[in-house]
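A.B. asks: Spelled out from the first residue to the last, the chains are:
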Amino acid sequence: MSVPVSIRWAARVAKAARAATSAMLSRGWLASVMVGSMLAFPVFAADYVALPGGSFNSVLPADGEAAAAQIAPFRLRTAPVTNAEFLAFVQSHPQWRRDKVASILADARYLTHWADPGTLGDEALPEQPVTRVSWFAAQAYCESEQARLPSWYEWEFAAAADATRRDARDDPAWRESILGWYSRPSNAPLPDVGGASNIYGVRDLNGLVWEWVDDFNALMVASDSRDQNDPDILKFCGAGALSLQEKDNYAVLMRIAMLSALKAADTTNNLGFRCAKSE
Amino acid sequence: MKRLYLYITAATWLMLAACSSKPAAPEQPAATPSTSTSVASERGDFGPPQGEPIHAVLTSPPHVPPPIHRDYPAKVIVELEVVEKEMPISEGVSYTFWTFGGTVPGSFIRVRQGDTVEFHLKNAPDSKMPHNIDLHGVTGPGGGAASSFTAPGHESQFTFKALNQGIYVYHCATAPVGMHIANGMYGLILVEPPEGLSPVDHEYYVMQGDFYTTGKYRQKGLQPFDMEKAIDENPTYVLFNGKEGALTGDNALAAKTDETVRLFVGNGGPNLVSSFHLIGEIFDKVQPEGGTHPQENVQTTLIPAGGAAIVEFRTDVPGSYVLVDHSIFRAFNKGALGILKVDGPEDKSIYSGKEVDSVYLGDRAEPNLQAVSTAAKAHAAGTLTEEEQIAAGKQLFTGTCSVCHQDNGEGLPNVFPPLAKSDYLAADPKRAMTIVTHGLTGKITVNGHEYDSVMPPMAQLTDDEVANILTYVLNSWGNPGGRITKEEVAKARAEAGPATAAEH
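Those protein sequence lines, which keep their order, are chains A and B.
First residue of the first sequence? That's 1 in my numbering, and the numbers climb one at a time after it.
First residue of the second sequence? That's 1 in my numbering, and the numbers climb one at a time after it.
Heads up, a few of these hints could be off.
Not the full set, but computed from the structure, chain A residues with beta-carbon under 8 Å of chain B [as the list claims (entries may be wrong)]:
id, residue
1, Ser177
2, Gly180
3, Tyr250
4, Asn270
These aren't lab readings, by the way, just hints derived from the structure by calculation.
Heads up, the beta-carbon is just placed ideally off N, CA and C, and yes, glycines get one too.
Isolated chain A, as found in the complex (with noise of 0.2 Å):
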């Protein structure tokens, strides 16, 4: 993300992540897993929670000005996924293995917290979420769930909520508290998932890591943000050019930054995810 893409440029080359993906997903190993995982079910029962979407004002309009996102409903798993259950999709997908991984799938970060390939080990509590993962894997992740990855206007729109509200952004404590996990060094070990719930009963969304969504790479922060003014902006991007709507709030812009700062087979300590489905 060297340089400013448009929404519509960007949401092809997911597009195009995405087909290579299922590409490989269909060829050969699907069906035997299929099988595989009929015979080891069932190991773990995600949860998930109805979320009635609707009309959200974004900090990143949907035209690029002012518009609000129109979120259809949709249900979000309640926890991000953690090394357990990821550790078993691994053990019914090995080609996700970081032994076998293709280079171009995920980086050399792969899931290296790990003891070995099959075993988790001290650095990786079962009940941790899962990090060290690709888009790629996570998406793989995803589609074994019969889910996906959220949009990132899903994410959004879940975390905007508190326990008692569904929009609390315009609470300053609410800000406060993000932030307050930004300012913590991460040299101590991740706590485990199950956090308090949101109104929605959905947990975990701030305060614990970073998480994938589906279309991470469509997010256009530029890379030198101060260049927002550019004029040049709208003519390389047109109405697809996003700019940040509350540019003081500041908890959600660096959620942003960092997503915008990866490519798709890129892992960090602090990266996870979660999946959705749609309604």
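Fit chain B to the supplied structure of chain A, relying on the hints for placement.
C.D. replies: Quick look at chain B alone, frame taken from chain A:
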């Protein structure tokens, strides 16, 4: 430097023309790389890099890499790692800094004008945030920012030619830019002129920055970043080299008499402009904002946020010289203090006195506290007299209390209440103990005048220091007399509980 200045003048107009066309037209490379220094200062492109690539020496503040002494343009490889880490910002106070190279300010980079710099920015795997770097010494959009956007656990590389000589700030430009800078993400890169800088005895690296914590100044513990204070441009700390005490005590800068000292002084901001001043010294030469033309005989030089200056002076008289931001409340209430300690023989023909900057030394430095240690010994031996307490209190009062309440105890009308003949003090002398240890905020009436201001808790003072100061105050300027003991202070401090906490 006068000679250089003359022939620079001749070429100035040419240079201006060339600069104004930048970056559209790349300049013609000089015909041959040469050791000639005549016009080299004006033109930055001496052709392609020569010889083996060189790995740049990076140094932590306050140190500066050695001069380059190279007469050809080279390829210089700079490897800089971004590290997010918790470090002390003041005594007992820590902060999560985001750093270039593990220090605030970041590692000092030194290259030669015309060098081709291959820049590697690494973001540590433990980082939470993506980062990038904008070097003000880079000619190109974003100063490298767009080319160096780097996720945690990744590395970016870009290359630039150092066309312009000077001292330049670099900083992180990832959103939110202000927060990345406020967390310490800045440093300096020196692009030496081809002929090098004039030799000096010492070069030091000093950089000011403003910091915003949710807790008050010196409130103990890990303090989070405060976005509201940052937007309001209301810093909790203003510091040299990222930590209160980074340049005082054992960390003071050092020189001997009759030496030349060059300071590379930057200001990372994010918000404040620095009025940089060295108490007791006159800068013989300043290159303001890192420019080529020096100003001479300067008392205080302005250093913009995102700017830097090269400051040079000669040491003539031994003693402690205090670096301050002369927006002076920042120095004594927010930490912008450093010390340059000059050792050597006295030269009475230049300066005869002995009392150097006593009022400025504040509570961080070490004035002559002979009477204080006498009192401490006497207390230990159980022989402490009221006279010893008064003598010790007088020395402690100077430097801690006199800045506001004045040496004569009369305060400043309508701002700082008087201690001299104070009816407020006389009404309840014991109350003064918790005022010193816990501060006092809000309206009070003293000798018929109303005051409404803030005295911060002097939590850094020990029980016997408070006892000595108050005994001195009670026995001075027509006050009623009396004596406060260390034990009374300890009791009062404990009964009042911990010093008041967060604003948020």
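A.B. asks: Now tell me, hint by hint, if it's right for this structure.
C.D. replies: The hints, checked one at a time:
For Ser177 of chain A, the interface hint is violated, since its Cβ never comes within 8 Å of a Cβ in chain B; the closest pair sits about 10 Å apart. Hint on Gly180 of chain A holds. Least Cβ distance to chain B is approximately 6 Å, under the 8 Å limit. For Tyr250 of chain A, the suggested interface contact is upheld, since its CB lies about 5 Å from the closest CB of chain B, less than 8 Å. At its closest, the beta carbon of Asn270 of chain A sits 6 Å from a beta carbon of chain B; the interface hint therefore holds under the 8 Å criterion.
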